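Protein chains: 2
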Amino acid sequence: MRASRALAGLLARRLARQANPATEGGALAQLQRGLATQGPFTRAGGAAAAARAPWLVAVAAGLSAGLGLQLVGGGSGEPAECKAAEKPAKLKEFDKDEVAKHRSKETGIWVTYKDGVYDVTKFVEQHPGGAQRLMLAAGGAIDPFWAMYQQHNNEQVKGILEEYRIGRLKGGAAAPVADPYANEPQRLPALIVRSQKPMNSETPMELLAASIVTPNELFYVRNHLPVPQVDPAAYRLRIEGEGVRSLELSLEELKTKFKRHTITATLQCTGNRRNEFNRTGRVVKGLEWEGGSISTAVFTGVRLRDVLLAAGLEDDDPEVQHIQFEGLDADMAGATYGASIEVDKAMSPHGDVLLAYEMNSAPLPADHGFPLRAVVPGVAGCRSVKWLGKIVASSEESHSFWQRRDYKAFGPNTDWDNVDWDAAPAIQAMPVTSQICEPAVGAVVEDDEVTIKGYAWSGGGQGIIRVDVSADGGKTWHNAELQKVPQKRGRGWAWALWQATIPLPKGFTGQLELVCKATDENYNTQPENAAPIWNLRGVNCNSWHRVPVTVQ
Amino acid sequence: MRASRALAGLLARRLARQANPATEGGALAQLQRGLATQGPFTRAGGAAAAARAPWLVAVAAGLSAGLGLQLVGGGSGEPAECKAAEKPAKLKEFDKDEVAKHRSKETGIWVTYKDGVYDVTKFVEQHPGGAQRLMLAAGGAIDPFWAMYQQHNNEQVKGILEEYRIGRLKGGAAAPVADPYANEPQRLPALIVRSQKPMNSETPMELLAASIVTPNELFYVRNHLPVPQVDPAAYRLRIEGEGVRSLELSLEELKTKFKRHTITATLQCTGNRRNEFNRTGRVVKGLEWEGGSISTAVFTGVRLRDVLLAAGLEDDDPEVQHIQFEGLDADMAGATYGASIEVDKAMSPHGDVLLAYEMNSAPLPADHGFPLRAVVPGVAGCRSVKWLGKIVASSEESHSFWQRRDYKAFGPNTDWDNVDWDAAPAIQAMPVTSQICEPAVGAVVEDDEVTIKGYAWSGGGQGIIRVDVSADGGKTWHNAELQKVPQKRGRGWAWALWQATIPLPKGFTGQLELVCKATDENYNTQPENAAPIWNLRGVNCNSWHRVPVTVQ
Numbered sequence: 001m002r003a004s005r006a007l008a009g010l011l012a013r014r015l016a017r018q019a020n021p022a023t024e025g026g027a028l029a030q031l032q033r034g035l036a037t038q039g040p041f042t043r044a045g046g047a048a049a050a051a052r053a054p055w056l057v058a059v060a061a062g063l064s065a066g067l068g069l070q071l072v073g074g075g076s077g078e079p080a081e082c083k084a085a086e087k088p089a090k091l092k093e094f095d096k097d098e099v100a101k102h103r104s105k106e107t108g109i110w111v112t113y114k115d116g117v118y119d120v121t122k123f124v125e126q127h128p129g130g131a132q133r134l135m136l137a138a139g140g141a142i143d144p145f146w147a148m149y150q151q152h153n154n155e156q157v158k159g160i161l162e163e164y165r166i167g168r169l170k171g172g173a174a175a176p177v178a179d180p181y182a183n184e185p186q187r188l189p190a191l192i193v194r195s196q197k198p199m200n201s202e203t204p205m206e207l208l209a210a211s212i213v214t215p216n217e218l219f220y221v222r223n224h225l226p227v228p229q230v231d232p233a234a235y236r237l238r239i240e241g242e243g244v245r246s247l248e249l250s251l252e253e254l255k256t257k258f259k260r261h262t263i264t265a266t267l268q269c270t271g272n273r274r275n276e277f278n279r280t281g282r283v284v285k286g287l288e289w290e291g292g293s294i295s296t297a298v299f300t301g302v303r304l305r306d307v308l309l310a311a312g313l314e315d316d317d318p319e320v321q322h323i324q325f326e327g328l329d330a331d332m333a334g335a336t337y338g339a340s341i342e343v344d345k346a347m348s349p350h351g352d353v354l355l356a357y358e359m360n361s362a363p364l365p366a367d368h369g370f371p372l373r374a375v376v377p378g379v380a381g382c383r384s385v386k387w388l389g390k391i392v393a394s395s396e397e398s399h400s401f402w403q404r405r406d407y408k409a410f411g412p413n414t415d416w417d418n419v420d421w422d423a424a425p426a427i428q429a430m431p432v433t434s435q436i437c438e439p440a441v442g443a444v445v446e447d448d449e450v451t452i453k454g455y456a457w458s459g460g461g462q463g464i465i466r467v468d469v470s471a472d473g474g475k476t477w478h479n480a481e482l483q484k485v486p487q488k489r490g491r492g493w494a495w496a497l498w499q500a501t502i503p504l505p506k507g508f509t510g511q512l513e514l515v516c517k518a519t520d521e522n523y524n525t526q527p528e529n530a531a532p533i534w535n536l537r538g539v540n541c542n543s544w545h546r547v548p549v550t551v552q
Numbered sequence: 001m002r003a004s005r006a007l008a009g010l011l012a013r014r015l016a017r018q019a020n021p022a023t024e025g026g027a028l029a030q031l032q033r034g035l036a037t038q039g040p041f042t043r044a045g046g047a048a049a050a051a052r053a054p055w056l057v058a059v060a061a062g063l064s065a066g067l068g069l070q071l072v073g074g075g076s077g078e079p080a081e082c083k084a085a086e087k088p089a090k091l092k093e094f095d096k097d098e099v100a101k102h103r104s105k106e107t108g109i110w111v112t113y114k115d116g117v118y119d120v121t122k123f124v125e126q127h128p129g130g131a132q133r134l135m136l137a138a139g140g141a142i143d144p145f146w147a148m149y150q151q152h153n154n155e156q157v158k159g160i161l162e163e164y165r166i167g168r169l170k171g172g173a174a175a176p177v178a179d180p181y182a183n184e185p186q187r188l189p190a191l192i193v194r195s196q197k198p199m200n201s202e203t204p205m206e207l208l209a210a211s212i213v214t215p216n217e218l219f220y221v222r223n224h225l226p227v228p229q230v231d232p233a234a235y236r237l238r239i240e241g242e243g244v245r246s247l248e249l250s251l252e253e254l255k256t257k258f259k260r261h262t263i264t265a266t267l268q269c270t271g272n273r274r275n276e277f278n279r280t281g282r283v284v285k286g287l288e289w290e291g292g293s294i295s296t297a298v299f300t301g302v303r304l305r306d307v308l309l310a311a312g313l314e315d316d317d318p319e320v321q322h323i324q325f326e327g328l329d330a331d332m333a334g335a336t337y338g339a340s341i342e343v344d345k346a347m348s349p350h351g352d353v354l355l356a357y358e359m360n361s362a363p364l365p366a367d368h369g370f371p372l373r374a375v376v377p378g379v380a381g382c383r384s385v386k387w388l389g390k391i392v393a394s395s396e397e398s399h400s401f402w403q404r405r406d407y408k409a410f411g412p413n414t415d416w417d418n419v420d421w422d423a424a425p426a427i428q429a430m431p432v433t434s435q436i437c438e439p440a441v442g443a444v445v446e447d448d449e450v451t452i453k454g455y456a457w458s459g460g461g462q463g464i465i466r467v468d469v470s471a472d473g474g475k476t477w478h479n480a481e482l483q484k485v486p487q488k489r490g491r492g493w494a495w496a497l498w499q500a501t502i503p504l505p506k507g508f509t510g511q512l513e514l515v516c517k518a519t520d521e522n523y524n525t526q527p528e529n530a531a532p533i534w535n536l537r538g539v540n541c542n543s544w545h546r547v548p549v550t551v552q
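Same order as they appear, the protein sequences are chains A and B. Taking my numbering, the leading residue of the first sequence gets 1, the next gets one more, and so forth. Taking my numbering, the leading residue of the second sequence gets 1, the next gets one more, and so forth.
Simulated from the structure, these hints should not be mistaken for lab results. No experiment lies behind these values; they were computed from the predicted model shown. Where hints are given, some of them may not hold.
Since the list gives no way to pick one copy over another, a pair counts as held whenever it fits inside one copy or between any two copies.
[To be verified] When the alpha-carbon atoms are kept at most 20 angstroms apart in a straight line, the in silico EDC-like pairs for lysine to aspartate or glutamate are as follows:
{"no.": "1", "residue 1": "Lys197", "residue 2": "Asp417"}
{"no.": "2", "residue 1": "Lys475", "residue 2": "Glu93"}
{"no.": "3", "residue 1": "Lys475", "residue 2": "Glu528"}
{"no.": "4", "residue 1": "Lys259", "residue 2": "Asp306"}
{"no.": "5", "residue 1": "Lys488", "residue 2": "Glu314"}
{"no.": "6", "residue 1": "Lys259", "residue 2": "Asp315"}
{"no.": "7", "residue 1": "Lys506", "residue 2": "Glu449"}
{"no.": "8", "residue 1": "Lys488", "residue 2": "Asp315"}
{"no.": "9", "residue 1": "Lys122", "residue 2": "Glu184"}
{"no.": "10", "residue 1": "Lys488", "residue 2": "Glu319"}
{"no.": "11", "residue 1": "Lys259", "residue 2": "Glu248"}
{"no.": "12", "residue 1": "Lys90", "residue 2": "Asp119"}
{"no.": "13", "residue 1": "Lys101", "residue 2": "Glu290"}
{"no.": "14", "residue 1": "Lys170", "residue 2": "Asp97"}
{"no.": "15", "residue 1": "Lys488", "residue 2": "Asp422"}
{"no.": "16", "residue 1": "Lys475", "residue 2": "Glu513"}
{"no.": "17", "residue 1": "Lys105", "residue 2": "Glu125"}
{"no.": "18", "residue 1": "Lys488", "residue 2": "Asp316"}
{"no.": "19", "residue 1": "Lys488", "residue 2": "Glu397"}
{"no.": "20", "residue 1": "Lys197", "residue 2": "Glu155"}
{"no.": "21", "residue 1": "Lys257", "residue 2": "Glu240"}
Work the whole structure out from these sequences, hints included.
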């Protein structure tokens, strides 16, 4: 690998954040981390979304400029600063037609970014979003893709690209790419934004513990792509695949032809509490969530089971092992967000999987999947696909990036340079977790006791049976008082809120650690520390939650 | 509480085993621990077992002497040594008729043991097996009860009894009580016996990791009462309760009228690995299991669901929440071992609950429930009731001691003096666990690498997806290779065996700690240490398993 001095500097700064020395292949792993964030697509959508789904009015219109640019390439702006400063004079010029001829390994794989031309043949297989995805941009501009997947827009990724520069585009860059995120809904400023485009924001900690049900406007937002604008009158849900007859259902049909069901369910991002992994000294890649990418709502809709039965799916059809969901949120190539769940969960009369059209008694908000979303209670939020367009009964899991190359956890010994994504199952039910919401980290406590509040939740319908809290870092424990909604054993979809007022060590002043740990119906409990469950994508962080406070 | 010097000495020795100072009420807690071991009954059986179940040929016959003794009292032998040495001369004499008049709080509650007479009025409510159980002996001899529940036969319990001595029995003790354990089956000497009567023995560690399926003769044995001898020709399984019509099924009918099903399932005692709690410095009460009260077999029988459907039970009958099991193993009063499971587990087509008549292709051995037992895969072994006599569909859990006053876990702050048994759910599915079977504790390793073998299992059908092992106490980790039987997600009833050969720290000699931890399909993993999950009954010990070895 050719490493410019500027890139070496970037890498050095990045590596300095790691306590553990980089192992063999560590530099490559760092490069890969640089690109893998919100998870780009591996699947190429064949036709544009607009062509496939006439009710999808926004994506095609909003992105047509971007699609047009894909083959003409170019764009204005300077080459990335690090490289430009080094040897701008030597750069050869290529025109768009010449670039367009390089779309395979045989010819070499070229792309343009702004007015730069890059031969990425050797990089393609290392692309964290998959070679297939990068190949969509081969022979043309990557600018519209980076406008969609804005995690590319940082100095580190630009520095990596500069490594592959072979020249500049004749005639310079074309007009700037239209922003695919131009039509996002309004959001409350109270949300703590971790990524603007796509929108990813968490609920403020002090509001989480305030009530079992999170108001819609404060429910955490985890989007992978621009929010699609869907016309509810034209909307159709399509059901297809093995063991079913293809079916299209309007919103009206869903609401009137199927029984209405309501559940109270907690949804949680797999990356909730990810930043606690970063604080172990080993950096993980992903949105830097604290503990607020979790919320609870009352969802109303129809049972997925009922819709699948209506489509003719039989219980225990041996051909069908997975139920795939496709969202209407799509990229410029029409590829949509996708995920799947196990058919046993989908079809179980006690699985309570909904196709929800209401959230807390209101129509689903745009950020939460209007007009219809899957709600898979007890399962990682990423499987509760929003803006649901299609359901596919299949012998296979979803082929989406997020099902197969993301949202899995490995041991602490597995890193980007040795990960085998097929070796771990896709996260479905998540492990037991809890969080101290009050007091905040670094709070000053002036009494001889302290009141602690928080939430606790476990996946798979395992209700919370106990929360233990400690004011001495886990040496002695007290029971917290739980607040729960009534739930049957095995169907405990909603979190418990909890509260405890516990004495502080007598006469103590200085810093001490408040700790909580929860136990669920299966008596699973949380591991003590984050380091032994560290994993490269920073998912499933469920170690004891620890809050240092100062006692005066 | 009046404490003789001898008893004080006994208590002091007992308390010395605890690292934590006895809290207020700690002495009482110790007394209670002294009695709560294999869990005596709280339910009084009305009629003798023989009268209720003609096919039960052994219990009534074997125990009739004991039942007869209940009201005549007495028995030979010396008073317990500690008290006898102190003030034997002052003891008043009572005859049996006088003792028999004291059977209520109003009259006082008296019992005899050998030739001693005791007023236990104040102790009754503290009896760890429940007041109701102790009341069965009121006005008569406790000798036959202690012959059944042999955990009473130790100096500590005898010392507690002596506290309540009010005199001696006129005419001295009667003949010794017949041994209810006279007809136990033959067992292999390889089993590691933790209690002889009832038989409780674990599988030797080195054999556990040898094969997925444990041979019948080496399968761990966890009995609560004497093994009943059941005539298979006369045997009938009775089904009754809410939502069903009463039904009696012969073994032949079960085998021919219902579809035969086979599952490979791991059963584990809730107390498996209990001794690791004792090694935290806080002693727990119960059989001192290491990690060998777990085994795996191929069970064949009929589905409980099919039998309940045949009895007319409908899915989601709101009246039925629990399926109770009653064993044919009974005490002298005819009260049987009992447990219950959730109806959702019992009726789920994917719950795989069997009524098994074969184990590893042979008829069930006597120690494992001949001729029929429940096998509730993914659930604590205590719910897989052996020698199954009756199934009751009910709105309520089993009223048995083991369902309501045992086999539950609390936080480390809950002890015998403040436990509220109703505050925790009965253990059903158990948490994820793993165990190093080789090398043994204290082994000497003479190479620069070490091969580690063990098992891993999780309750609730959550198959094991990964086992991490460490040779430096958990600082760095390696993946173990898993050996599993094919199982669907959510129906992973059998354990995984695992093996890893990992390098030892370069040039290191001395003692180091091998560690393992497992992760299941829900990505639940094990807590690091036993102390934070310590609980008074020592159940669900699933912290990292740690094996110190010496490197030469």
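Checked hints:
In this assembly of identical chains, Lys197 and Asp417 lie within 20 angstroms of each other by CA distance neither inside one copy nor across copies; the values are 28 angstroms within and 57 angstroms between. For the homomeric pair Lys475 and Glu93, neither the shortest alpha-carbon distance inside one copy (68 angstroms) nor that between copies (53 angstroms) is at most 20 angstroms. Both within a single protomer and between protomers do Lys475 and Glu528 lie at most 20 angstroms apart by alpha-carbon distance, with minima of 12 angstroms and 14 angstroms respectively. In the homo-oligomer, the alpha carbons of Lys259 and Asp306 lie at most 20 angstroms apart inside one protomer (8 angstroms), although the nearest pairing across protomers, at 28 angstroms, exceeds that limit.
Taking the closest pair of Cα atoms, Lys488 and Glu314 come within 20 angstroms of each other only across two copies (18 angstroms); inside a single copy the shortest separation is 26 angstroms, beyond that limit. For the identical chains of this complex, Lys259 and Asp315 are neighbours both inside a copy (19 angstroms) and across copies (18 angstroms), given an alpha-carbon limit of 20 angstroms. Proximity of Lys506 to Glu449 under the C-alpha cut-off of 20 angstroms is restricted to the intra-copy arrangement: shortest distance 9 angstroms within a copy versus 49 angstroms between copies. Taking the shortest Cα distances, Lys488 and Asp315 sit within 20 angstroms of each other only across copies (15 angstroms), while inside one copy they are farther apart (23 angstroms).
Proximity of Lys122 to Glu184 under the C-alpha cut-off of 20 angstroms is found in neither arrangement, the shortest distances being 36 angstroms within a copy and 73 angstroms between copies. Only between protomers do Lys488 and Glu319 lie at most 20 angstroms apart by alpha-carbon distance; the minimum there is 14 angstroms, versus 31 angstroms within a single protomer. For the homomeric pair Lys259 and Glu248, the shortest alpha-carbon distance inside one copy (17 angstroms) is at most 20 angstroms, but the shortest distance between copies (39 angstroms) is not. In this homomeric assembly, Lys90 and Asp119 come within 20 angstroms of each other (Cα to Cα) only inside a single copy, at 16 angstroms, whereas the closest approach across copies is 105 angstroms.
In the homo-oligomer, the alpha carbons of Lys101 and Glu290 never lie at most 20 angstroms apart, since the shortest distance is 46 angstroms inside one protomer and 69 angstroms across protomers. In this assembly of identical chains, the alpha carbons of Lys170 and Asp97 lie at most 20 angstroms apart only when taken from the same copy (10 angstroms versus 116 angstroms across copies). Proximity of Lys488 and Asp422 under a CA criterion of 20 angstroms is satisfied inter-copy only: 17 angstroms between copies versus 35 angstroms inside one chain copy. In this assembly of identical chains, Lys475 and Glu513 lie within 20 angstroms of each other by CA distance solely inside one copy; the values are 11 angstroms within and 22 angstroms between copies.
Proximity of Lys105 to Glu125 under the C-alpha cut-off of 20 angstroms is restricted to the intra-copy arrangement: shortest distance 11 angstroms within a copy versus 83 angstroms between copies. Proximity of Lys488 to Asp316 under the C-alpha cut-off of 20 angstroms is restricted to the inter-copy arrangement: shortest distance 12 angstroms between copies versus 24 angstroms within a copy. For the identical chains of this complex, Lys488 and Glu397 are inter-copy neighbours only, at 14 angstroms across copies versus 29 angstroms inside a copy, given an alpha-carbon limit of 20 angstroms. Taking the shortest Cα distances, Lys197 and Glu155 sit within 20 angstroms of each other inside one copy (17 angstroms), while across copies they are farther apart (73 angstroms).
In the homo-oligomer, the alpha carbons of Lys257 and Glu240 lie at most 20 angstroms apart inside one protomer (18 angstroms), although the nearest pairing across protomers, at 39 angstroms, exceeds that limit.
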